[in-house]
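Going down the list, the sequences are from chains S and R.
The opening position of the first sequence corresponds to residue 8 in this note's numbering, with each subsequent residue numbered one higher.
The opening position of the second sequence corresponds to residue 58 in this note's numbering, with each subsequent residue numbered one higher.
Mixed in with the good hints, there may be bad ones.
Pairs of lysine to aspartate or glutamate residues, derived as EDC-like cross-links and limited to a Cα-Cα distance of at most 16 Å, are as follows [stated by the list, open to error]:
1. R:Lys133 to S:Glu12
2. R:Lys70 to R:Glu416
3. R:Lys451 to R:Glu364
4. R:Lys133 to R:Glu277
5. R:Lys500 to R:Asp524
6. R:Lys70 to R:Asp415
7. R:Lys451 to R:Asp415
8. R:Lys260 to S:Glu105
9. R:Lys95 to S:Glu185
10. R:Lys260 to R:Glu298
11. R:Lys451 to R:Glu416
12. R:Lys260 to R:Asp165
13. R:Lys95 to S:Asp55
14. R:Lys260 to S:Asp107
15. R:Lys260 to R:Glu166
Only part of the chain S face toward chain R is listed, based on derived beta-carbon distances under 7 Å [what the hints assert, rightly or not]:
16. Ala21
17. Thr123
18. Thr125
19. Val159
20. Gln172
By construction, these hints were calculated from the structure, which means they are not laboratory data.
The structure displayed is predicted, hence computed values, not measured ones.
Ideal Cβ positions, reconstructed from N, Cα and C, are used throughout, including at glycine.
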Amino acid sequence: MSAREEILGRVRSALASADRSETPVPRGYRSSVPSGDVVELFAERLVDYRAELTRCTPDTLPEALASALGPSEAVLVPDGFPWAVPGAVPDTGQSAAELDRLDAVVTLAALAIATTGTIVLDHGPGQGRRAVSLVPDRHVCVLRTDQIVPGVPQAVAALSPGHPQTWISGPSATSDIELNRVEGVHGPRTLHVLLVSS
Amino acid sequence: MSATFVGMPAFPKAAREALSDTQLRRNLAHATGTIRAKRAAVVGEVDDWEELRLAGAAIKDNVLRHLDEHLLRLEKSLTDRGATVHWARDAAEACEIVASIARQHAVDEVVKVKSMATQEIGLNEALAAQGITAWETDLAELIVQLGDDLPSHILVPAIHRNRAEIREIFRSRMAAAGRPAPDDLSDRPAELAGAARLHLREKFLRARMAVSGANFAVAESGTLVVVESEGNGRMCLTLPEVLVSVVGIEKIVPTWSDLDVFLQLLPRSSTGERMNPYTSTWSGSTEGQEAHVVLLDNGRTRALADEVGRQALRCIRCSACLNVCPVYERTGGHAYGSVYPGPIGAILNPLLRGTGVDEQTDSLPYASSLCGACFDACPVRIDIPEVLVHLRAKVVDAHRSSPKAEAVAMKSASWVLADARRLNWAERGMGLAGRVLNRVGRKVMPGGRRALGRLPWPGSLWSNARDVPAPPVESFRSWWRREGRR
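Bound-form chain R, shown alone (with noise of 0.2 Å):
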């Protein structure tokens, strides 16, 4: 189980790979159509769902702004009710409090609730490295561990695999892992799910130590919750002797009460549900339970302190926005080489790095058409294509010592633009140019207008993925001119 997201390309690089695949480009439009739909049906069903989403947004914002104090009375309370509570900057300090937690235990083996934040910190490969081995108890967190694949979905990380893949996946791979899929194993996803149940019991009733994530933590009265449809997360939570939940510093809600917005705008954006078939809450430590919570930042006060961005905190990780995201349903997931893929992520991802750090994080502000649907989704209202703009000019900023091709084309038209003597000139190059270029051009666009062929670099950047019209044989003020006097 080696793959990562390290070294991953830039998007519009791994964009380009991920289009040319046909069939996960099938499976994707089929997954996340179906999605769409249901979506639509349960949200449709909310009379007041506009309000609810303004009451989520006020909540996480209010949370945010009084973050220090929120986090100090989450803790008096969990540790009220009988809980540890751990601390870590970074993921390096919060892997290490859970494989020292192992350690303390003597287990050499951890069941998982499917969560974001023990992804994002690289926890399975940092477990590993120490012998202990964590088994992903989610069904599609188990077909992308066992297929030594990458998620490409915060809420369903195989959707880019059919069954007839899943199928496969089962058979050449489960007995190294465990009880092997059985040998007359079909695509059904009944079957499936079946094979998937056999396998995992197994770990379910051996396991001495669970490691959860939370969507919620209650600073009021320490109350963690869970949020999941298969029971996976229940046996995860209410059997081992011991539970870590490693939670986001951002996941924070001030008063029990406040839930039921949350448990109203979750499971109808994440899976178009009225409600998700379990839903589990615990406070401090429960029926005799030993219970950790590690308090996570890696890069979370970082984002707070973006006085833009700070809104991409409100994130419950629902995935609406990547559902109906015409660039993800092209690309997938993976194109966004992090756990946090589609419009989220590629806000997310920037401000908890930092722009100007990396290629791959600064290419992802752009892999967007701003065309506003995540916004409109959203259910805590995240103004994503606003951040997506702030992020660019941030990319820009971090840039700035070293001017691209597109800035030195702007600096030159903006010295040609300044001047009508210079733009008279300019323009008549201009229809020159357009004349010639209009009878070479091989392609006719709409309007009757020509196409030019692929521009040499640096304008092929532009020209590979557009068409570039041929410019105009007359300008707008030579026409004026001509005409516009009569």
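So here's chain S without its partners, still in its complex pose (with noise of 0.2 Å):
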């Protein structure tokens, strides 16, 4: 008998005298939503995760850009990013030792979740593949305030499950020392978030 046939017979068989009837799942939760202003507190929680924050318009962007990206000479950015960046290197599919080499890479997000403190790319456009957003050290991360939503749930029912997502709460950490916290270990080491007003 296959592998996938025992285990299949066995489960059968482990739940053969069992109750089958389905348990009712609580989803009053789903409801449920911070008070008070979900903007605030997207950037009180992100800060939280000694992430960078600096908000800015539409207008003032471009210079909050140069200013985030500080002395970064080869910064990756990738199609469908919509603004100029100096020192813009495109995605061409570079393997993971050339994307080592390089200073920054900015991208877009899906969306991003205020109790939590929390962005999601789901790698569309303006947002590149998975490896980008994680090799070089430094991610500058351009959000628009409309693109925030309260809490988990939100997030998890905008979001589809056929696009991979990387969900970002603040830079790379570890607390495996006795479990004090330390920013940057394998991904970027800073995290700056861009917030546009919308």
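Reconstruct the complex from the two isolated chains, following the hints.
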């Protein structure tokens, strides 16, 4: 018998005398939303994760972008990123080793979550493939205030599993040494979010 | 790298050794205390926490009751999205599947995302036997691997090590595994993490194959989810050409939208954060990567067949139960002799392996004071004390043919208690013994009664860790005869 048939058979015999009725799942949590301004809450929680935050308008964005990138010389810019970036390097499918030699990356995001201070990339236009927001040491993400949803349930409802996703809450971090939080392990050591009022 | 849990002594012996290690107890008390406080703070922020726990438990129960259908659905959605699905009855079969994929691609090293399932099956050792090196990339796993050590916590495997010990491991062992630690490495956590970053980056950039587990597998969409902090997971999941994910069959959630419960419960329960720094989701083969999924039984169907114990398969491996457990806090994880330590390990190991099979596993349901803190902390409401008591009964049943001293004592007690005259004689004897022993007992207990010293075997099994009060000089019944009629 194949492993597949044997495992399925074991499952069925394990459940032979089980009550197979469905337990109702309470879903009240889906309608609870945080009180107050979600944009302010997002900003507070993001900074709590030691991410950097700059608030700007569509007009002041180019300036904010230049300042967030600082002295970065080679900045990877994914296809579909709508603004001009100083030091821009287009994504030509660079290898991991080539990405490692770049200074920074700029991306858009699919949405952001206020209660957790999380940005979510679904790797659509302007967000790049999964590796580009991971390997360069500085990640600058441009987010519109109208992309912020209150909580995790609203985010999951708005996202599609058909796209791979990367949920990012602050820079790379570890708490493995005496449970001291240290920012910057394998992913970008700096996450800078430019929050554009809309 | 040869450390193994195989042949570990039963819990009481291992615990006694751990208890005498003051450094270990200091490291553990600090770590569990810190994480308990963090978790309590972020759980307190969520108004509907109890409802989320109920929802998490209900979703997982529904999956388990129809696991066969969900497995077939997961297999189909994964296959439709370009992944190859493999089924593994046990550890050896799962390891062989991973090794054969490595052979097909002619790789002699793989990078690994921290995964309980691959530790459970001993994947690293099995690959090593075939000349394939598996590099752990989670910082704590790296510390354990380089130190030729064993994990002692589900979430923070090196929780038993402090910074000075970690520095020493990096300085003495990193060079043999690749890029050496810097000569002037201090014991500051940021510097230690920096050394790991440089050491592992070389491995990430050249690796052609990665092995992961999955925190969740969505049956409806074939989506696998990996929750992590450091970015090592993202490195492994996205950079290599081939990705093999070893997934326990209990990891299924039915639909994409059900993740909204677990992505709230898991981070707050495990690291005590509102959200972990990185969560990756992918459905089948993405961005040109070859994707394999190994669906692992290895005892899970045995646990499923246990009506009381089945609920342990709801576990999302957050480790909240470890951090609140008074027993774990004092003995550490190694005493449990398994990659699954603490309260959840005390029930999961006997459920996966069966009772009456080996002494070490049978000792685990007793590694608890039944205080219930683990149930309160569990985000999917696993009633661990209930399962512990149930498993104790199964362990006793499994040893019926050779009665233990305790069983003999209980039997004679029942003979005495069944008859008033016998009890009367026994009480007189006890009163006499009490008068003598209350005089010779060396230690006075709260309330004024004396405690006896160590009892002879088999009573010593009880008295080694407890004070035995001297019998009272007068029984309740004789006191009642004297005083109660007034």
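Return the status of the interface hint for Thr125 of chain S: holds when the least beta-carbon distance to chain R is below 7 Å, violated otherwise. Check passed: Cβ of Thr125 of chain S comes within 5 Å of chain R, closer than 7 Å.
Lys70 of chain R paired with Asp415 of chain R [C-alpha distance capped at 16 Å]: Distance of about 15 Å is within 16 Å: holds.
Regarding the pair Lys133 of chain R and Glu277 of chain R, is the alpha-carbon distance no greater than 16 Å? Since the Cα atoms of Lys133 of chain R and Glu277 of chain R sit roughly 9 Å apart, the hinted pair holds (cutoff 16 Å).
Sort out whether Asp524 of chain R lies within 16 Å of Lys500 of chain R, counting only the CA atoms. holds (9 Å)
Hey, Lys95 of chain R versus Asp55 of chain S, does the alpha-carbon distance stay inside 16 Å? Holds, because 14 Å separates the two Cα atoms, which is no more than 16 Å.
Pair hint Lys451 of chain R and Glu416 of chain R, alpha-carbon separation not exceeding 16 Å: It holds: about 13 Å lies between the C-alpha atoms, which stays within 16 Å.
Please work out if Lys451 of chain R and Glu364 of chain R have their alpha carbons no farther apart than 16 Å. holds (12 Å)
Satisfaction of hint between Asp165 of chain R and Lys260 of chain R, Cα-Cα up to 16 Å: Cα-Cα ~12 Å, so holds.
Would you check the hint for Lys260 of chain R and Glu105 of chain S, treating anything up to 16 Å between C-alpha atoms as holding? holds (15 Å)
Distance restraint between Lys95 of chain R and Glu185 of chain S, which requires alpha-carbon spacing of 16 Å or less: holds (14 Å)
Given the hinted pair Lys451 of chain R and Asp415 of chain R, is their Cα-Cα distance within 16 Å? holds (13 Å)
Under the criterion that the straight-line Cα-Cα distance not exceed 16 Å, is the pair Lys260 of chain R, Glu298 of chain R satisfied? Distance ~14 Å between Lys260 of chain R and Glu298 of chain R Cα, so the pair holds.
When held up to the earlier numbered hints, the structure conflicts with none and fits them all.
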